[in-house]
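J.: Chains as they are written, first to last, in my numbering: chain Y, 1 to 257; chain C, 1 to 294.
Be aware that a few hints might be false.
[Claimed, not checked] Facing chain Y, from chain C, some residues (calculated, C-beta under 7 angstroms):
hint, residue
1, F134
2, A135
3, S140
4, F171
5, A174
6, V178
7, G179
8, A180
9, Q184
Treat the hints as calculated values from the structure; they're not laboratory data.
We put the beta carbon where it would ideally sit given N, CA and C, even for glycine.
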Amino acid sequence: MNENKHSIETRALSLWYGEFQALYNVSVDIGHGLITSLIGPSGCGKTTLLRCFNRVNERYGNVKTSGEIRILGKNIYDPDVELIELRKSVGMVFQRPNPLPISVYENVVFGLRLHTPAKELTRARLDEAVEEALTDVGLWDDLKDRLKRKATDLQLEQQQKLCIARLLPLKPEIILMDEPCSALDVEATRQIEELMLELAGRYTIVIVTHNMAQARRVSHECLFMLMGELVEHSRTEDLFINPADSRTADYIEGRFG
Amino acid sequence: MFTSTKNTQRKKRQELIAKYLLMTMTLLIILPLILIIFYLIYQASPILSVDFLLKNPIRGMRDGGIWAPLLGTIYLVLISLLIATPIGVFAAVYLNEYARESWLTRVINLAVVNLAGVPSIVHALFGLGAFVLFAGIGRSILAASLTLAIMTLPVIIASTKEALAAVPVAFRQACWNVGATRWQTIREVVLPNSISGILTGVILQVSRAAGETAPIMFTGAVFYKAIQEGDLLAYGLLDQCMALSMHLFTISTQVPDVPVALPYGTAVVLLGVVLLVNALAIVLRFKIRSRKKW
Ligand SMILES: Nc1ncnc2c1ncn2[C@@H]1O[C@H](COP(=O)(O)OP(=O)(O)OP(=O)(O)O)[C@@H](O)[C@H]1O
Ligand SMILES: [Mg+2]
Numbered sequence: 001m002n003e004n005k006h007s008i009e010t011r012a013l014s015l016w017y018g019e020f021q022a023l024y025n026v027s028v029d030i031g032h033g034l035i036t037s038l039i040g041p042s043g044c045g046k047t048t049l050l051r052c053f054n055r056v057n058e059r060y061g062n063v064k065t066s067g068e069i070r071i072l073g074k075n076i077y078d079p080d081v082e083l084i085e086l087r088k089s090v091g092m093v094f095q096r097p098n099p100l101p102i103s104v105y106e107n108v109v110f111g112l113r114l115h116t117p118a119k120e121l122t123r124a125r126l127d128e129a130v131e132e133a134l135t136d137v138g139l140w141d142d143l144k145d146r147l148k149r150k151a152t153d154l155q156l157e158q159q160q161k162l163c164i165a166r167l168l169p170l171k172p173e174i175i176l177m178d179e180p181c182s183a184l185d186v187e188a189t190r191q192i193e194e195l196m197l198e199l200a201g202r203y204t205i206v207i208v209t210h211n212m213a214q215a216r217r218v219s220h221e222c223l224f225m226l227m228g229e230l231v232e233h234s235r236t237e238d239l240f241i242n243p244a245d246s247r248t249a250d251y252i253e254g255r256f257g
Numbered sequence: 001m002f003t004s005t006k007n008t009q010r011k012k013r014q015e016l017i018a019k020y021l022l023m024t025m026t027l028l029i030i031l032p033l034i035l036i037i038f039y040l041i042y043q044a045s046p047i048l049s050v051d052f053l054l055k056n057p058i059r060g061m062r063d064g065g066i067w068a069p070l071l072g073t074i075y076l077v078l079i080s081l082l083i084a085t086p087i088g089v090f091a092a093v094y095l096n097e098y099a100r101e102s103w104l105t106r107v108i109n110l111a112v113v114n115l116a117g118v119p120s121i122v123h124a125l126f127g128l129g130a131f132v133l134f135a136g137i138g139r140s141i142l143a144a145s146l147t148l149a150i151m152t153l154p155v156i157i158a159s160t161k162e163a164l165a166a167v168p169v170a171f172r173q174a175c176w177n178v179g180a181t182r183w184q185t186i187r188e189v190v191l192p193n194s195i196s197g198i199l200t201g202v203i204l205q206v207s208r209a210a211g212e213t214a215p216i217m218f219t220g221a222v223f224y225k226a227i228q229e230g231d232l233l234a235y236g237l238l239d240q241c242m243a244l245s246m247h248l249f250t251i252s253t254q255v256p257d258v259p260v261a262l263p264y265g266t267a268v269v270l271l272g273v274v275l276l277v278n279a280l281a282i283v284l285r286f287k288i289r290s291r292k293k294w
């Protein structure tokens, strides 16, 4: 359904939390199948922008937006847009892994169970979904004998992979990641980054990160934000080697942030 | 180097004093409780028996057991909680999960907090006016239970809200981001993870409902009423009933020449019922706790 080469397009997107304006006129095109990283100092609106893409901001209190957001070519503020369907195809991963306090198996099929009538969910279909999703994130070999284990007992890095796996049975197009590695150690971070690179292409990935080295390692394109504004958007190498804006240069050289 | 000075020694002394002072205060809390329980049991010991529980009071309440008031209290508590729990829990779910910050929800929240602090005698008058007279139910178990329900409702709402709020936002986020509706989020994640807290709050209201005299005195409890001994269905919804709290009040203050053991025995049973139910709450909490970890 998507002939577009951009999965996410925003036009003059502004957002207010009550009286406080958190995003100013953000216009950005995020490439299909790419990993796009989103960098910028604390409080500049990275999480806010990310949460716009599946309209989950609306669950965080008094939020007002103006401008346009197109996901896969469809304006998500159109009246016929069903939030449930939108959120199925735009999944999100958080800073702290947030598996639900149920078994690994149930975590993976949680979304399926929510969206499919119980009688269509045969054991075989569920099993298949679990194996496929866990294989995709590289957990299957580790966990195939421990599917009944409580997900909250896993190691953090496994939990984070599980949180990614949990999105996959819903066949998302876009995966949003909000600092997915900042609670993880070096080795776990490496594994998640590898996983992201494997998933790129099949999914469009947007990752918020505070770690500029990580942005350089994993992303094809990079967005730099400052105080609610999008300052620069270019290919990652260009942004780090040849920033067009002096504020970007200052930030990546660590003069502030 | 690293040896103590006058100053550090003084601080150490203060530290010791503070520690033992605080510990003493803590012990002072439980000491009266233990003393009361032992004193009650000691005074009641001549009369405590199974018969005491299963026989009606006789000879102008100067002898016999407490079957009628015991069963009455059980009825009142059970029915009032059956009414208050669903309303309270669902209201709390709405307030905590759906309602947006607005002047209306602020007023409701304020009302809940303040209603929880209203003296029970005021609830009694309200119950008398609203249920007994206005609704025409008459003095009955139903009217008294409704009054108790009104009394316990705000506390149930408050404790349920607290239990719901203790469920980590991360769980809710996990749900929203796979496209769960609010109701699905509540059913699948919020309620299962707060049920022990909710139940504890509800069960703690048992002791309040069982202990209060004022709200039932005007609305459905009577001084004396003999019922079929041993019959658990001896009261009907529209009957009046005896109740332990009121019975205790009556035989301690209104009836002359009651043997000392009788009021103490009644008090022991009332306390026993309350402690038993609270113990149940604790067990329940541990059972559910041990299954969840986050
Ligand atoms: N629910 C909210 N209500 C009100 N203000 C909010 C809310 N969420 C975020 N903000 C404000 O919006 C601004 C942007 O916040 P946001 O969380 O998007 O920043 P961020 O770039 O993700 O920061 P960080 O790097 O610390 O995660 C901040 O000033 C923050 O205080
Ligand atoms: Mg953030």
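J.: Determine for every hint whether it applies to the structure shown.
T.: Status of the hints after comparison with the structure:
With 7 angstroms as the threshold, the beta carbon of C/F134 stays out of range of chain Y, its nearest partner Cβ sitting at about 40 angstroms, so the hint is violated. At about 40 angstroms, the closest approach between the beta carbon of C/A135 and any beta carbon in chain Y exceeds 7 angstroms, and the interface hint on this residue is violated. At a threshold of 7 angstroms, the smallest CB-CB gap from C/S140 to chain Y is about 44 angstroms, leaving the interface hint violated. Contact between C/F171 and chain Y, as hinted, is supported at the beta carbon level, the nearest pair being about 6 angstroms apart and thus within 7 angstroms.
Here the hint on C/A174 is kept, as its CB sits about 5 angstroms from the closest CB of chain Y, short of 7 angstroms. Hint status for C/V178 relative to chain Y: holds, with the closest Cβ pair at about 4 angstroms, below 7 angstroms. At a threshold of 7 angstroms, the smallest CB-CB gap from C/G179 to chain Y is about 4 angstroms, leaving the interface hint in force. Taken as an interface hint, C/A180 checks out: its beta carbon lies about 5 angstroms from the nearest beta carbon of chain Y, inside 7 angstroms.
A hinted interface residue such as C/Q184 counts as satisfied when its beta carbon comes closer than 7 angstroms to some beta carbon of chain Y; here the least separation is about 6 angstroms, so the hint holds.
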